[in-house]
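S.K.: Those protein sequence lines, which keep their order, are chains A and B.
Residue 1 is where the first sequence starts when you use this note's numbering, and the numbers rise one by one after that.
Residue 266 is where the second sequence starts when you use this note's numbering, and the numbers rise one by one after that.
Check the hints yourself; a few may be wrong.
Here are the in silico distance ranges between beta carbons for each label pair [claimed, not checked]:
#1 A8/A - F526/B: 48 to 56 Å
#2 L10/A - A390/B: 46 to 54 Å
#3 T3/A - V518/B: 42 to 50 Å
Not everything, but these chain A residues come out facing chain B in the computed CB check (under 7 Å) [stated by the list, open to error]:
#4 Y73
#5 R77
#6 H78
#7 G110
#8 R111
#9 P128
#10 L213
#11 G215
#12 V226
#13 E229
#14 S239
Because the hints were derived from the structure by calculation, they are not lab data.
By construction, the Cβ of each residue, glycine as well, lies at the ideal position given by its N, Cα and C atoms.
These are the residues of each chain, in order.
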Amino acid sequence: MTTPRLPAPLAALGVLGGLLLLLPFVGLAVQVPLRELPALLSGEVALEALRLSLASSTLATLVSLLLGLPLAYLLARHDFPGRRLLRGVVLLPLVLPPVVGGAALLFALGRRGLVGAQLEAATGIVLPFSFAGVVLAVTFISMPFLVVTVEGALRGLDGRHEAAAATLGAGRWTVLWRVTLPLVRPSLVAGLALTWARAIGEFGATLTFAGSLAGRTRTLPLAIFVALEQDRDVAIALSLLMVVLSLAVVVPLRDRWWGRAGSGP
Amino acid sequence: MGGGGGPTARRGAPVRGGGGAARPASLVLALVVLLQACGGAAPDGGQAAAGSPGAGERGELLVSAAASLTDVMAELEERFEAANPQVDVVLNLGGSSALRDQVLAGAPVDVLATANPATMDEVVAAGLVDGEPTVFATNRLAIAVPSGNPAGVEGLASLADPSLLVGLCAVGVPCGDLAREALDAAGVTAAVDTEEPDVRALLTKVAAGELDAGVVYATDVAAVAGAVGALPVPGSPVTAYPVAVVVDAPNRVAARSWVAFLTGDEAVAVLVDAGFGRP
């Protein structure tokens, strides 16, 4: 009831901060050509890009679940040489410019890359400029969201429930499936949603590693980039679509995600 | 897990309540601050300030130039600055269409140099060019291949091979439009794998060996000689590079002398040396 009020100058700065974040979206909304919107969003450019974006971000989220969840467990619960380093490396895609990530992917998995050259020689698979390349680039950028979120939740567990289950005779898989995962489920869901939201917004690494071709690698953000120079109305309509998609995922999560982050044991 | 949401909700509510009570006064203050900030930073404000006395002597000259001019512009900048030590030329390089959009959006650019007349014409049509654009160079296409030409590209016809990784500039970017013109003229339907935002981005991917071929300008290949090889495009269409002073140029005096310099003998010699054609 009696939470102290923020001094007025600081409150003003806070409002200013909010406006700074809000204003660009107001600017975008004002530009939206409402009457043509249905036609713009049902055009081939939009549908093709939307399909690629939904497919690549969903696949990237599934790959992140398959690889990122075990990785989070290893980082949270196992001690091994290089763990500190690996925990730092997991954060790199979050803080580096995505174009650096894309270039690094080329150096590793491009046709002349460290592994990519052997991959092509052995299997004929070429990742750059392919849809698989998009999924790879997007996974590289977005998986850390899942790892970091779930790792934090796992560290927050005190292990009593799991120890009790093991004492009662539950095997490793059972403890993991019936005790550990249900305990971190809210964080896992939040991590998956954040991963998906970051994946659908990925631009720099995708353009650098997978290029930009309509119907194959041109996801929504790339289509917006191209459309900005060719057809502004399409670009604005697609931007609106991205904002709506992202809001739909992020808003429901906002309270839960920060609630957990702020209420550690 | 229900406890996770509870404390947040309880913690969140009072803050929102407090903010509501303090809202009217602080919102007004914030708006005042914001409006003042806008006045100083928005492009419109900047242009208004540019018309005021003394703005012409600030010495900074912002030149937006097509990506294909990257290397030659660096050399021209040096020579211009040597002759005009009080002027600091700042280069803004990118795809012509992106540069055009920046000017159309009111960016405080002094001079615009695009890689084709069509892009410039849109800026002229918007009434944002001071006088008439002047053509200062021409260029033609070449097929860039990684050094050694590992895929054995032989000419435009090779670009139809779906097993090759082929890049073009995007539609709307001058090098992309010119390349499509050349492909159409040759009756070739290219099996394109990527459409890059500007010619240097495309060239980088060819030089890295990720693409087997990319249609770029002859001058771009010369700029990264060694890393890439070049095949001529017989009968290539020729593009012209127009330059113009932007109507609201913050530094109009220097902008005009830059355009005069660019069309003068010294600059033409530098451009020809870099592989560009005479205007």
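S.K.: With reference to the structure, classify each hint as holding or not holding.
M.R.: Verification of the supplied hints:
1. The hint said 48 to 56 Å for the Cβ distance between A8/A and F526/B, and at roughly 55 Å that hint holds.
2. L10/A and A390/B have their C-beta atoms about 49 Å apart, which keeps the hinted 46 to 54 Å range intact.
3. The hinted range of 42 to 50 Å is not satisfied by T3/A and V518/B, whose Cβ atoms lie roughly 59 Å apart.
4. Checking Y73/A against chain B: minimum C-beta separation of about 19 Å lies over 7 Å; hint violated.
5. Using the Cβ-Cβ criterion of 7 Å, the hint placing R77/A at the interface with chain B is not satisfied: the shortest such distance is roughly 20 Å.
6. Of the supplied interface hints, the one on H78/A is violated, with its beta-carbon coming no nearer than about 25 Å to a beta-carbon of chain B, more than 7 Å.
7. A least Cβ separation of about 5 Å between G110/A and chain B falls short of the 7 Å threshold, and the interface hint therefore holds.
8. Evaluation of the R111/A hint against chain B yields a held restraint, the C-beta minimum of about 6 Å falling below 7 Å.
9. Given hint, P128/A at the interface with chain B, holds; its Cβ is 5 Å from that chain's nearest Cβ, closer than 7 Å.
10. Evaluation of the L213/A hint against chain B yields a held restraint, the C-beta minimum of about 5 Å falling below 7 Å.
11. Proximity of G215/A to chain B is violated relative to the hint, the smallest CB-CB distance being about 11 Å (cut-off 7 Å).
12. Look at V226/A: its Cβ gets to within about 6 Å of chain B, closer than 7 Å, so that hint holds up.
13. This hint holds: E229/A has a C-beta 4 Å from the nearest C-beta of chain B, less than the 7 Å allowed.
14. Contact between S239/A and chain B, as hinted, is not supported at the beta carbon level, the nearest pair being about 15 Å apart and thus beyond 7 Å.
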